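So the protein lines, in turn, are chains V and W. Just add 7 to wherever you are in the first sequence, counting from 1, and you've got my numbering. Just add 110 to wherever you are in the second sequence, counting from 1, and you've got my numbering.
These are calculated hints, taken from the structure and not from any lab test. Zero decoy hints are in this set.
Pairs of lysine-lysine, DSBU-like flavour, derived with a Cα cap of 30 Å: (1) W/K306 - W/K228; (2) V/K195 - W/K233; (3) W/K168 - W/K118; (4) W/K165 - V/K195; (5) W/K170 - W/K275; (6) W/K141 - W/K273; (7) W/K333 - W/K118; (8) W/K228 - V/K195; (9) V/K195 - W/K273; (10) W/K291 - W/K233; (11) W/K306 - W/K275; (12) V/K195 - W/K275; (13) W/K273 - W/K321.
In this text the structure is predicted, and so the values were computed from the model without any measurement.
These are the residues of each chain, in order.
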Amino acid sequence: MSIRIIIPAILLLLLALVPFGAQTLQVLLTLALAKGIAVMGITVLLRSGQVSFGHALYFAIAAYGGAFTLMLMPGADLIVVFLLGVMAAVLSGVLVGLFVARYRFIFFAMLNLAFSMIFWSILEKFYHYTGGADGMRLPRPTVFWIEMERGAYELFMFYLALALAIGLGWFSMRWLESPTGQLFRTLKTNETRLQYLGMSPQRVLMNGYVLSAMLCGTGGILMGLVQGVVTPEYAYWIRSGEMVFIAVLGGAGSVPGALVGAAIYEIVRTYASAFAGDVWQLVLGSFLLIIILFAPGGIAGIYNSLMDRIAGKKEDGE
Amino acid sequence: MTHLLETKGLEIRFGGVVAADNISLQIDAGKNLAIIGPNGAGKTTFLNICTGWLKPSKGKVYFEGRDVTPLSPRQITRRGVARAFQIPQLFTEHTALENLLIAAAARDQLRNPIRALKDTRQKAEMMHLLDMINCTDVAHRQVDELSEGQRKLIDIAVALALKPKLLLMDEPTSGVASSEKFGVMEILVKALAEAKVTAVFVEHDMGIVEKYADEVAVWNMGKIEMRGSPAEVLEHPDVIRDVIGEVV
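The whole structure should be built from the sequences, with the hints applied where relevant.
Here it is, written out as structure tokens:
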């Protein structure tokens, strides 16, 4: 078996054992996985050469969708809350996508930002419905109609997030290699030829855009269900910027890189803010600067070149 | 009789320049037409109008008897008109084979979100297409690593992968080394015949026009100056003076 597969397999196994060996990291890693799934959405978009500074919109819509579901249907099961949250993100992805898919590059990025900030303002101002800056609570739902204690619920959410990260990561990678995904990737290099293949670039972009909204929504509803509360900060531009930051850190365009980047980001952020409360942003900023200057392929790029070197040495040895 | 492509009274201006002035032309299936003329005569503009990239201020374009003037390049391509460009329009982050597979995926509207493009059943067909243009050895190389001649051929193969009825080519041998031009055209004409595609090509090399065109149309100042067989047209004194550039 190739070392390229062994190392991620070992990492996944270690991750799966976290609740038994390093329980203090369990919630932190659940949040990192949720964020990682959302960042996968940004990663998918980056493969078409587009960047969005407003994808926190879908993160927030799914989380608020879940909160409204629990408010209107008290006692709703986790599966119902989860699916309705993700569906809200997908539906809004279709509606917003119909508009933004006509634009590219800075216009695309800023229009997404504009939509997310409009939603943020709505969440802030419609206090009677959304709870304003205080946000909305997501009381712990039943899991397959079984009421769980906090510890068991958090353990379930950890494994749910892990399973979704693996499943959606696998799907995203397959999708990017599929004919639909390959057509989506051609937006980066030649839209003229795409039209002369009889394809609509807008429709091609829409496919990937809706997928990215679904991924961000999945991350958002997971985050909301783990934290038990959702605030307008979920839709704020800093959250969108953070997702782009993690995508670059993990390796722009790399799906596994999004998950690894999110884990590193959350760990660095948590420990840097604990041990260097006033300068943790400086630590993170410097970290990103080093990545951009010395490893523009991000963590995925570092990993791949390391593996190439090992494979090269092995071949030389043979 | 319905023509494969027909234009009636096409007119377009760019500021004071008349790029198409009452262009009426019929192209029938099976007859390859070469368009010749000096730079700025409106040859590429004509291709751009026929494929929907530019809209004429007057006139109509009919493909198989249907008015396609208001349609977009995407819609016209779907009806069976493919285009190859003077500067190859390829997906530079993909290999030669992937470029063709993407074209086949677009043609067949493949939607399976799980199956990888490289594993689609169209792979054998696209490898055959690469074989037809003598490019199997570069199938797995990224297109920006290829020579200009190879990229031209891949660009044409991408258009052929769509299984068009009509292929419009803009200077298929420009940028190709003079020693390779006839070789490229030989491969191309064979591939077109095998695919049963009618071709319209803009060309500056009269040797190529003479050898590979069934008919020649001469463009000048946005107008069709003459049309006929290569022998008739290329020996006409006006064409020699205006296009070929030799003193009569």
